[in-house]
Amino acid sequence: DVKVTQSSRYLVKRTGEKVFLECVQDMDHENMFWYRQDPGLGLRLIYFSYDVKMKEKGDIPEGYSVSREKKERFSLILESASTNQTSMYLCASSFVAGHDEQYFGPGTRLTVT
Amino acid sequence: KQEVTQIPAALSVPEGENLVLNCSFTDSAIYNLQWFRQDPGKGLTSLLLIQSSQREQTSGRLNASLDKSSGRSTLYIAASQPGDSATYLCAVADRGSTLGRLYFGRGTQLTVWP
Numbered sequence: 001d002v003k004v005t006q007s008s009r010y011l012v013k014r015t016g017e018k019v020f021l022e023c024v025q026d027m028d029h030e031n032m033f034w035y036r037q038d039p040g041l042g043l044r045l046i047y048f049s050y051d052v053k054m055k056e057k058g059d060i061p062e063g064y065s066v067s068r069e070k071k072e073r074f075s076l077i078l079e080s081a082s083t084n085q086t087s088m089y090l091c092a093s094s095f096v097a098g099h100d101e102q103y104f105g106p107g108t109r110l111t112v113t
Numbered sequence: 001k002q003e004v005t006q007i008p009a010a011l012s013v014p015e016g017e018n019l020v021l022n023c024s025f026t027d028s029a030i031y032n033l034q035w036f037r038q039d040p041g042k043g044l045t046s047l048l049l050i051q052s053s054q055r056e057q058t059s060g061r062l063n064a065s066l067d068k069s070s071g072r073s074t075l076y077i078a079a080s081q082p083g084d085s086a087t088y089l090c091a092v093a094d095r096g097s098t099l100g101r102l103y104f105g106r107g108t109q110l111t112v113w114p
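These protein sequences, in sequence, are chains A and B.
Residues 1 to 113 in the numbering used here are what the first sequence lists, from first letter to last.
Residues 1 to 114 in the numbering used here are what the second sequence lists, from first letter to last.
No lab work stands behind these hints: they were computed from the structure.
Backbone N, C-alpha and C fix where the C-beta goes; we use that ideal spot for every residue, glycine too.
Hints are not guaranteed to be accurate.
Some but not every residue of chain A turned toward chain B, in silico, with C-beta under 7 Å [unchecked claim]:
| # | residue |
| --- | --- |
| 1 | Pro39 |
| 2 | Leu43 |
| 3 | Tyr50 |
| 4 | Asp51 |
| 5 | Glu56 |
| 6 | Ile60 |
| 7 | Pro61 |
| 8 | Gly63 |
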């Protein structure tokens with residue numbers, strides 16, 4: 001079974017803090033994705049990566065950056081957290097982009113106060 | 001840009017009913033369509049993946065169909081159970097986008113009562 005894990009289920013941070021969300025997959029998948037999910041807005045793609053050290057912006061990259069130094073690990077970084085970044089963050093991975101299933105992690109509920 | 005719509009937004013049915021969830025998309029140039037289930041506060045679980053060349057996929061009590069030319073998919077759930085209560089999302093892998101990224105609908109929130 002594919003397993004995608006996220007470093008925290010719940011996280012509370014203060015405005016202005018630098019926040020790291022980490023995602024690890026164990027199936028040697030090429031592609032990894034970060035989404036945020038908000039009521040009424042659905043899932044929105046923040047960034048994705050199709051190879052180590054490669055990244056592409058999604059629909060809402062502002063205020064975020066990503067890092068992929070190893071194939072199995074994809075980190076989302078909030079450079080200076082703001083209250084409007086309070087959300088559910090979901091990581092996903094897939095083998096061949098566009099052809100295979102995307103597998104999701106359990107999510108991180110981030111609250112910025 | 002691909003747009004995915006799911007109808008209805010919410011559905012409440014008694015246990016045992018057969019039900020249909022609908023998904024439509026605006027651009028038929030897709031690689032595949034995927035149905036997910038999401039329980040409250042949790043991540044997404046993949047239910048079924050239909051490649052663009054396929055017409056349907058089945059898994060247990062679930063059957064998903066795809067009509068690519070009309071931009072529609074349905075998820076059929078037979079003999080619904082309270083454990084089926086969740087939000088169901090559909091997503092299409094868009095051929096016109098970078099690396100066939102997924103576009104999601106807003107979901108159908110299903111409640112099955114005993």
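Hints, one by one, checked against the model:
1. Pro39: Check failed: Cβ of Pro39/A comes no nearer than 10 Å to chain B, outside 7 Å.
2. Leu43: 4 Å, holds
3. Tyr50: For Tyr50/A, the interface hint holds, since the closest Cβ of chain B sits about 6 Å away, which is under 7 Å.
4. Asp51: At about 11 Å, which exceeds the 7 Å cut-off, the nearest Cβ of chain B leaves the hint on Asp51/A violated.
5. Glu56: Holds: closest Cβ of chain B sits about 6 Å from Glu56/A, inside 7 Å.
6. Ile60: 13 Å, violated
7. Pro61: 13 Å, violated
8. Gly63: The hint is violated - Gly63/A has no Cβ within 7 Å of chain B, the shortest such distance being about 20 Å.
When the structure is compared with the earlier hints, violations turn up for hints 1, 4, 6, 7, 8 and for no others.
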